[in-house]
Structures are given as C-alpha cells and as structure tokens.
Amino acid sequence: MENRPQKILLVVEDDADLRNVLVDGLKNLNYQIIQAEDGEQAVGLLLDQKPDLVLLDLLLPKLDGFKVLERIRKYPDKAVADTKVIVLSNLWSNKDILRAQALKIDEYFVKANTNMEDVFKKVRVILSGAPASN
Amino acid sequence: MPETNPQNQNNHQAKQYRVRRSFSFFWLAILRLLNSVLNFFSLKQTKQFWGIVYDSVSKQPLDPVIVKLLYVDGREVETCVTDIAGRYGFLARPGKFKIHARKTNYLFPSIYAPGGSDGIYENLYHGEFFSLYHDYEVVAPNIPMDPAGVDWNQKAKQSVVKKYPYLKYFLKTLVSIIFWFGFILDGIFIGASYPKITLLLYAVAGTYLFLLVVSVFLPDCRLWGKVKTRIVLAPGEELFLELRDIKFPEISFGKAVVKEGGRFLLRSNKGKYLLLVGKAGINKSPTVLASSKVFIGRDGVLNSTIVLH
Numbered sequence: 171m172e173n174r175p176q177k178i179l180l181v182v183e184d185d186a187d188l189r190n191v192l193v194d195g196l197k198n199l200n201y202q203i204i205q206a207e208d209g210e211q212a213v214g215l216l217l218d219q220k221p222d223l224v225l226l227d228l229l230l231p232k233l234d235g236f237k238v239l240e241r242i243r244k245y246p247d248k249a250v251a252d253t254k255v256i257v258l259s260n261l262w263s264n265k266d267i268l269r270a271q272a273l274k275i276d277e278y279f280v281k282a283n284t285n286m287e288d289v290f291k292k293v294r295v296i297l298s299g300a301p302a303s304n
Numbered sequence: 017m018p019e020t021n022p023q024n025q026n027n028h029q030a031k032q033y034r035v036r037r038s039f040s041f042f043w044l045a046i047l048r049l050l051n052s053v054l055n056f057f058s059l060k061q062t063k064q065f066w067g068i069v070y071d072s073v074s075k076q077p078l079d080p081v082i083v084k085l086l087y088v089d090g091r092e093v094e095t096c097v098t099d100i101a102g103r104y105g106f107l108a109r110p111g112k113f114k115i116h117a118r119k120t121n122y123l124f125p126s127i128y129a130p131g132g133s134d135g136i137y138e139n140l141y142h143g144e145f146f147s148l149y150h151d152y153e154v155v156a157p158n159i160p161m162d163p164a165g166v167d168w169n170q171k172a173k174q175s176v177v178k179k180y181p182y183l184k185y186f187l188k189t190l191v192s193i194i195f196w197f198g199f200i201l202d203g204i205f206i207g208a209s210y211p212k213i214t215l216l217l218y219a220v221a222g223t224y225l226f227l228l229v230v231s232v233f234l235p236d237c238r239l240w241g242k243v244k245t246r247i248v249l250a251p252g253e254e255l256f257l258e259l260r261d262i263k264f265p266e267i268s269f270g271k272a273v274v275k276e277g278g279r280f281l282l283r284s285n286k287g288k289y290l291l292l293v294g295k296a297g298i299n300k301s302p303t304v305l306a307s308s309k310v311f312i313g314r315d316g317v318l319n320s321t322i323v324l325h
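Heads up: the sequence lines are chains D and G, in that order.
In my numbering, each residue's number is its place in the first sequence (first place is 1) plus 170.
In my numbering, each residue's number is its place in the second sequence (first place is 1) plus 16.
Extracted from the complex, chain D is given alone in its bound form:
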C-alpha cells in the first residue's frame, strides 16, 4: 500500500477555547493539525508548512482574515496561492461574505449557525479530494 504523507490542516482562530474545540474535533480525522492565533502567525505557518487546507477566522489580531486570504491568493508560488480555505466566522453581512467569496474560498460557515460536525465533515470532503502537499 502506498504510504501517502499526512495532510496538513491549519486552524486559525484567536479565541483559544474555540480553537481547542476545533482541534479536538479534528484530531480524530488523522490530519496533521497546526494552529495560529493571529493573522501574521497564520501567514508564517502557511509559507513554512504549506497546509492542504486552512480553517480561517476573519476577525484576527495583527492581520485580519481577509488580508491573510489576499496574501495567500497573491502569493507567487501556485501551491500556496491555490490553498483551499474554509472561512469560519461570526461575520455574516453580505459585504463580508462577498468579500470572502471574491477571494475564492471553498466554504463560508457562520459560527453561530453552524454545527461543528458540519465543519468537520466539510474538512473531510475537501481533504479527501485534495492531493497531499508534501
């Protein structure tokens, strides 16, 4: 059987409690999970680790989620620029959703309206179709 490298998932959430809930829920899915608590840390990990999927909050310290997304999409390395992104935010105005969609996100979940199981399911679906980064 082919020994495929483990897929990498970057969880970007400034609230430690919610981040822990997400990481705990995703642990069982057998991905390598890396975490960032602000936008700058997220960009650093993105360039360093090249995750297969980013679970991204929008209201973030230092660099907000929109700017993180912009940096991903404008990055010269296609492997980074095409990174799959799920937004998990409590912002739900049309303006915010349109802005995120314009940056080619793969899914937009509103935290308050979402069962975390749906988020984990979506992560599974996206990562099962995505080739491993390494």
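Worth flagging that the hints you see were computed from the coordinates, not collected in a lab.
Don't be surprised by glycine CBs; every beta carbon is placed ideally from N, CA and C.
Please note that a few of the clues may not be correct.
Beta-carbon label-pair distances, calculated as ranges [said to hold, decoys possible]: (1) G:TRP43 to D:LYS274: 44 to 52 Å; (2) G:ARG314 to D:ASP247: 41 to 49 Å; (3) G:ALA164 to D:LYS197: 22 to 30 Å; (4) D:ALA249 to G:ALA164: 58 to 66 Å.
In silico DSSO-like pairs for lysine-lysine, Cα to Cα no more than 30 Å straight-line [as the list claims (entries may be wrong)]: (5) D:LYS237 to D:LYS265; (6) G:LYS114 to D:LYS274; (7) G:LYS286 to G:LYS84; (8) G:LYS295 to G:LYS84; (9) G:LYS114 to D:LYS265; (10) D:LYS274 to G:LYS171; (11) D:LYS237 to G:LYS275; (12) G:LYS63 to G:LYS84; (13) D:LYS291 to G:LYS114; (14) G:LYS263 to D:LYS254; (15) G:LYS178 to D:LYS265; (16) G:LYS114 to G:LYS75; (17) G:LYS288 to G:LYS263; (18) G:LYS179 to G:LYS263; (19) D:LYS265 to G:LYS75; (20) D:LYS291 to G:LYS263; (21) G:LYS179 to D:LYS237; (22) D:LYS274 to D:LYS254.
Assemble the complex: chain D is given as a structure, and chain G must be docked to it using the hints.
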C-alpha cells in the same frame, strides 16, 4: 445536524411537498406588536427569544462563547456558539439541566453581576440547575461573564457591532417616567376640570386604561415555531429546517431540528431567507422536501407555524 446544499437537491423530491405558514402567523404578529408596545413603556417584561452572553463590566455582548446545555450528570445535551451580538438559545425537553459558558479571557459564573438582574439585563444565569416541566421550551437566560484579561476580539469587534446598553437603559427609564408622568398629569387635569372633562382627557385616560388592562391579560409571544405535517418519518429520521440567504444559497444562516411534537427554535438575523424543510437520518443523505421564502423580523426568530403538505 445534516449539511445540505439546496443547489444539489433533487428537484423532483423538493416538489413533492409544499410549505406554507399557518394563519396563526397574523395573530402572532399582532401579539408580538402589542408585547413590543407594552415592553417599550415598561408595562410588561416580555419573554426573550434569545439569551445574551455579555461582559458583566462593560455590558457588551460576547462572542464567540461556547454555550453548553448539560444534563445533571454532566452529559451534553446541545452546544452552540454565540453570534456576534452574544445571542444563543436552546429548545429543551422536560428535565433538569444546567448551562455552562466558556470563553477565553472570561470567567463563568459571574461574581460581578450576582442575582437575577444587574439593572440592564434581567433573568441572569449563574450556573444553577433548573427544571423544565411540560413540553419543549426555549432556554435562553442572559449570562454575565467576568473579564479575566484583555480580550482582543472584544476590542476589535467594537467597529463591527457596538451596543449601547447604558444608553438603552437610560432611554427606557426616561420613557417609563414620561409615561407615568403623563398618567398622573391626565388625572390631575381630569380632577381640576371636573365636571367639564374634555374629550381629549377622556381619550388619554382611555388609552392608559387600555394599555394597563392589556398588560395584565396579554399572553406572551411564543418563542418557538411549530411544524405541522402528516409525513411519517422512519426510525432514526428527523425533520430539519434551514435558512439560506437568497443571495448566497450555499451558506447556512440558521438550522434547527424539529423536535417531537413539531416544535423548533430557528434563529437568524433580520432579513429575507429561503427556508428549506428536509429530512435526514443516520447514514442517509439529507433530502429537501420543500422550500419557501420567509422573512425574519427584528426579533431574529421564526416562531410561526409551518404547514408541510
């Protein structure tokens, strides 16, 4: 809760059923309006559709707070995350429960806001057990949390959602004072001009009397919605409701499972939505049975009766 995509649904199945709102919708709208008027004059403490988790010092709503409804033995019944306005709510069956709230840089239960009211928020919750006796009911007390450190999110959020609870409290108190001052003034004028009382004084006195009587007898708005249907579900199947934005049908703006007896708690922001009614079961893909456009008002809750036929 199943994940659905209305764009991927089988149209044939979606056309099998039609959804309409029951005529009780009109009664509920009138009830809601009258309750709002009475609440405006502080004549009636209306039941709230949402609970708010807030900072016990600044009184600002908190998000994201992980709010858990727990059985007495600590088992989890349901978990939700507060929205940007700190709102949350559960629909729970009869039983004994407690609520637990968790947020980074905040402590629960609050020491700074003890008791049932802090003057601005009523019906405060501090982690005690409570019982529900009759049927599925909405559980949504206000939850104060004490700040334990600087929370970046709360500061940053001020530009997105800024509430003015103290101003709101001041205005509410002012309206109440003016209301009762008017009542006393009308009484004085009636007394002074007796027996030549003008029609205007009678009208004002009549309005006051009407509002006072109505405040005693008017029932509360119901907080939950209800689905009426003859659809028979297989064991393990459940009906669900989901709100999708008309402009962004791929994004969910609210979901609810229909409980035994048909009650549901479906909340979202004010706006027009596409309501999907569907069924889902263990190891079965969710199926949309019907859809309809709905409007969610300022209360942020769909509490009408949905007839699926």
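Each hint tested on the structure:
{"no.": "1", "hint": "G:TRP43 to D:LYS274: 44 to 52 Å", "result": "holds (47 Å)"}
{"no.": "2", "hint": "G:ARG314 to D:ASP247: 41 to 49 Å", "result": "holds (48 Å)"}
{"no.": "3", "hint": "G:ALA164 to D:LYS197: 22 to 30 Å", "result": "holds (27 Å)"}
{"no.": "4", "hint": "D:ALA249 to G:ALA164: 58 to 66 Å", "result": "violated (41 Å)"}
{"no.": "5", "hint": "D:LYS237 to D:LYS265", "result": "holds (15 Å)"}
{"no.": "6", "hint": "G:LYS114 to D:LYS274", "result": "violated (42 Å)"}
{"no.": "7", "hint": "G:LYS286 to G:LYS84", "result": "holds (25 Å)"}
{"no.": "8", "hint": "G:LYS295 to G:LYS84", "result": "holds (25 Å)"}
{"no.": "9", "hint": "G:LYS114 to D:LYS265", "result": "violated (38 Å)"}
{"no.": "10", "hint": "D:LYS274 to G:LYS171", "result": "holds (28 Å)"}
{"no.": "11", "hint": "D:LYS237 to G:LYS275", "result": "violated (42 Å)"}
{"no.": "12", "hint": "G:LYS63 to G:LYS84", "result": "holds (21 Å)"}
{"no.": "13", "hint": "D:LYS291 to G:LYS114", "result": "holds (29 Å)"}
{"no.": "14", "hint": "G:LYS263 to D:LYS254", "result": "holds (23 Å)"}
{"no.": "15", "hint": "G:LYS178 to D:LYS265", "result": "holds (18 Å)"}
{"no.": "16", "hint": "G:LYS114 to G:LYS75", "result": "holds (23 Å)"}
{"no.": "17", "hint": "G:LYS288 to G:LYS263", "result": "holds (10 Å)"}
{"no.": "18", "hint": "G:LYS179 to G:LYS263", "result": "holds (27 Å)"}
{"no.": "19", "hint": "D:LYS265 to G:LYS75", "result": "holds (27 Å)"}
{"no.": "20", "hint": "D:LYS291 to G:LYS263", "result": "holds (24 Å)"}
{"no.": "21", "hint": "G:LYS179 to D:LYS237", "result": "holds (26 Å)"}
{"no.": "22", "hint": "D:LYS274 to D:LYS254", "result": "holds (9 Å)"}
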